[in-house]
Amino acid sequence: MSEVNEKAAARDATNWAKKVSTLNVSEVPEGAININVEGKRLASPIQGFGKMWQKTYQVRLPAEKVSATDLIATWKLRFPDFWPEGNAFYGALTGIEPGEVALLNMTLPGKMKLSTGVMVLYADEESFTLMTPQGHMFAGWITFSAIEREGETVAQAQVLMRASDPIFELGLTMGGHKQEDRFWNQTLSSVAAHFGEPAAEVDTKVVCVDSKRQWSKWKNVWHSSAIRSTLYMLGAPVRGIKGLFSSSRAPA
Amino acid sequence: MAEATATFEVRRQGSACIVDIRGDVTAGSEEVLMSAYEEAGDAKAIVLNFSELSYMNSGGIGLLVTLLVRANRRSQKLLAFGISDHYSQIFELTRLDEAIGIHDTESDALAAAGAT
Chain A
0 MSEVNEKAAA
10 RDATNWAKKV
20 STLNVSEVPE
30 GAININVEGK
40 RLASPIQGFG
50 KMWQKTYQVR
60 LPAEKVSATD
70 LIATWKLRFP
80 DFWPEGNAFY
90 GALTGIEPGE
100 VALLNMTLPG
110 KMKLSTGVMV
120 LYADEESFTL
130 MTPQGHMFAG
140 WITFSAIERE
150 GETVAQAQVL
160 MRASDPIFEL
170 GLTMGGHKQE
180 DRFWNQTLSS
190 VAAHFGEPAA
200 EVDTKVVCVD
210 SKRQWSKWKN
220 VWHSSAIRST
230 LYMLGAPVRG
240 IKGLFSSSRA
250 PA
Chain B
0 MAEATATFEV
10 RRQGSACIVD
20 IRGDVTAGSE
30 EVLMSAYEEA
40 GDAKAIVLNF
50 SELSYMNSGG
60 IGLLVTLLVR
70 ANRRSQKLLA
80 FGISDHYSQI
90 FELTRLDEAI
100 GIHDTESDAL
110 AAAGAT
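Protein chains in written order, with numbering that gives the first Met the number 0: chain A, 0 to 251; chain B, 0 to 115.
Isolated chain A (complex conformation) (with noise of 0.2 Å):
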């Protein structure tokens, strides 16, 4: 093998999550909520129902407070903190590492709460990114990458994606989308705060790359992370008891 074939190997093997046929937690953190993670299957936009859209967020700071590799580096240690408030991000301590998977807590539109998670697919020092497992809003991968240009760091946040469901397609259309747009420009102001320029503005730009659903995929429904957590806080009343009465029967 040559010495470019090598270091090429090399960094595939470092920057790409190993090949995995279904999703598995090590661990659930206390908060978390494993019920639409485990066991399930990654996808891509291609396996997708709704639109397929490509949205970015970049903001600009200037290149003497931080370098490209510098922010990606405290972007993936702390990815959680940048969040914006009542969203909760369940990842390994040591930050995003390629192959790992964490649990999300989501606060929806009609504050709706949803459980769901992501796999880090990709890692290295200038971008990662995160894919979405079946049931989630979206199939598809947000990318955060960092880039010197003119004197100024681009920290961006791109996402390609196709809503999972008719359900959430429907939840796109009635204000998902404007939600979402809104996350991530609130991520995007809470790296720029934190590298000094809390008033750093955000450019969004949102691009429909497939305009037609593809309706062969309705039945992603049957995975809908929505549907499912739903179900599990109404079931909540019922654990409760149940764990009542399982505790008052434990030999003391």
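It is worth saying that the hints were derived from the structure and are not from the lab.
Think of the CB as a built atom: it goes at the ideal place given N, C-alpha and C, for glycine as much as any other residue.
Check each hint, because a few of them may be wrong.
[To be verified] Where chain A lies over chain B, by a calculated footprint (3+ residues, C-beta under 8 Å):
#1 45–58
#2 61–68
#3 91–99
[Stated by the list, open to error] Derived coverage of chain A by chain B (criterion: at least 3 residues anywhere in the stretch with Cβ under 8 Å from a Cβ of chain B; other residues may be distant):
#4 41–53
#5 90–104
#6 117–124
#7 177–190
Mind docking chain B on chain A? Use the hints.
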């Protein structure tokens, strides 16, 4: 956001067009890849040759999804050959293999495209 570090050369083979990929495929390759795709024009099938691929990151995988959408819009088949074991696994992980026909050799891919 990065600059292009890959080249995409287009060859016509019957009703198919073969795109020879060389170098690192990243999000920065979008313009050159789409330009190569336009050069392929109305070919019935687009066959991607990964034999000389050095490296591909997640941005590169995203580009392939976009290319697939464009090919579907024109009712063109999208196939690939010369993929290393590692990238074969990445195609499976990202489930691109469910939409892009993967073959061992150029002649296999062309036969599958009905272009031999």
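How the hints compare with the structure:
Closer than 8 Å: that is the beta-carbon criterion, and the stretch 45–58 of chain B has 5 residues meeting it against chain A, so the requirement of 3 holds. A count of 5 residues in the stretch 61–68 of chain B with a Cβ less than 8 Å from any Cβ of chain A is obtained; the coverage claim is therefore met, three being the minimum. Note: the stretch 91–99 of chain B has 7 residues with beta-carbon separation from chain A under 8 Å; the three-residue rule is met and the coverage holds. Taking a C-beta to C-beta cut-off of 8 Å, the stretch 41–53 of chain A contributes 8 residues in contact with chain B, enough for the three needed, and the coverage statement holds.
Requiring three or more residues with a Cβ within less than 8 Å of a Cβ of chain B, the coverage given for the stretch 90–104 of chain A is violated, as only 0 such residues are present. With 3 residues having a beta carbon nearer than 8 Å to a beta carbon of chain B, the stretch 117–124 of chain A meets the requirement of three or more and the stated coverage holds. Using a Cβ-Cβ cut-off of 8 Å, 0 residues of the stretch 177–190 of chain A lie near chain B, which falls short of the minimum of three, so the contact claim is violated.
In this structure, the hints that do not hold are numbers 5, 7, in rising order.
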